[in-house]
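Engineer: Chain by chain, the residues:
Protein chains: 2
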Amino acid sequence: MSWLKEVKFDAQGLIPAIAQDHQTGKVLMVAWMNEQALQHTVAQGKATYWSRSRQALWHKGEESGHEQIVHDIRLDCDGDVLLLSVEQKGGIACHTGRYSCFYQQLQSSDNGLQWQATEPVLKDPAIIYGNKGEPQ
Amino acid sequence: MSWLKEVKFDAQGLIPAIAQDHQTGKVLMVAWMNEQALQHTVAQGKATYWSRSRQALWHKGEESGHEQIVHDIRLDCDGDVLLLSVEQKGGIACHTGRYSCFYQQLQSSDNGLQWQATEPVLKDPAIIYGNKGEPQ
Chain A
1 MSWLKEVKFD AQGLIPAIAQ DHQTGKVLMV AWMNEQALQH TVAQGKATYW
51 SRSRQALWHK GEESGHEQIV HDIRLDCDGD VLLLSVEQKG GIACHTGRYS
101 CFYQQLQSSD NGLQWQATEP VLKDPAIIYG NKGEPQ
Chain B
1001 MSWLKEVKFD AQGLIPAIAQ DHQTGKVLMV AWMNEQALQH TVAQGKATYW
1051 SRSRQALWHK GEESGHEQIV HDIRLDCDGD VLLLSVEQKG GIACHTGRYS
1101 CFYQQLQSSD NGLQWQATEP VLKDPAIIYG NKGEPQ
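Residue numbers (this note's numbering), protein chains in the order written: chain A, 1 to 136; chain B, 1001 to 1136.
Bear in mind the hints are in silico, worked out from the structure with no lab data behind them.
The beta carbon of each residue, even a glycine, is placed where N, CA and C say it ideally should be.
Misleading hints may appear alongside valid ones.
In silico contact screen, one side only, chain A against chain B (beta carbon under 10 angstroms); selected entries [to be verified]:
#1 M1
#2 G25
#3 V30
#4 N34
#5 K46
#6 Q55
#7 A56
#8 H59
#9 D72
#10 L75
#11 Q114
#12 P120
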């Protein structure tokens, strides 16, 4: 599989993968893939990442049901970042119950710059995951 | 600067930063920032990265003129990826002379899956950079 040889995994055998909503263009999340995760993603058409905390394959949505159906996979010019165009099932990508993981926006305030949460929690994570939590 | 303490730099003192076109929503590139690069970016409103190859601050566009005017900076849920919404000067983010670095798309062909270049070179890199090349 020569296409796989063009993907540059880092010293830990990982590559960052950006998931972008294929309809809205919003960036949903960034996670990591190893070779096996990328092969699963390509073969199944659903995003599979490598959970660094669990050191195991992470089939996105395996607990939450919030799967990502992959429409398109792109590789950047130097081959070390992937970009996935996905359909986000349930409209929630983030383990906090938000649409996107990038909900903290740098804003000026009376106390100087601060990260402000700018997106609502659409579903309580305790309801999404029970007590199990989501892998990172 | 408490906002800076919430940014989780890795063991090398770096964090990946995604640059996204504020108008089209297209993902343009991913580069790395250290603390100084992020502070420069915030202070100047123009994207400054850390060049891993040169081990130096990389003021995006310093050679090419293809600066990125920063409209918005976001941080993801676990604080280890940045997302910049930018105005891409010159309409070229990639050192290959393309609009976006993510121009290689995984496509099926008679020889199986292949990365296919899907975006045109808008300007010859030799003209953009002369013989100096662009830092990575």
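Engineer: Work down the list of hints and note, for each, if the structure agrees.
Structural biologist: Hints, verified against the model:
Checking M1/A against chain B by beta carbon gives a least distance of about 7 angstroms; that is within 10 angstroms, so the hint holds. For G25/A, the interface hint holds, since its Cβ comes within 10 angstroms of a Cβ in chain B; the closest pair sits about 3 angstroms apart. Among the interface hints, the one on V30/A holds; its C-beta lies about 5 angstroms from the nearest C-beta in chain B, closer than the 10 angstroms criterion. Because the beta carbon of N34/A sits about 17 angstroms from the nearest beta carbon in chain B, more than 10 angstroms, this interface hint is broken.
Interface hint at K46/A: violated, since its Cβ lies 15 angstroms from the closest Cβ of chain B, which is beyond the 10 angstroms cut-off. Interface hint at Q55/A: violated, since its Cβ lies 17 angstroms from the closest Cβ of chain B, which is beyond the 10 angstroms cut-off. With 10 angstroms as the threshold, the beta carbon of A56/A stays out of range of chain B, its nearest partner Cβ sitting at about 18 angstroms, so the hint is violated. A hinted interface residue such as H59/A counts as satisfied when its beta carbon comes closer than 10 angstroms to some beta carbon of chain B; here the least separation is about 19 angstroms, so the hint is violated.
Because the beta carbon of D72/A sits about 6 angstroms from the nearest beta carbon in chain B, less than 10 angstroms, this interface hint is met. A distance limit of 10 angstroms between C-beta atoms decides the matter here; for L75/A the minimum to chain B is near 4 angstroms, and the interface restraint holds. Given the 10 angstroms rule on beta carbons, the hint for Q114/A holds: about 6 angstroms separates it from the nearest Cβ of chain B. Hint on P120/A is violated. Least Cβ distance to chain B is approximately 14 angstroms, over the 10 angstroms limit.
Against the hints set out earlier in the document, violations occur for numbers 4, 5, 6, 7, 8 and 12.
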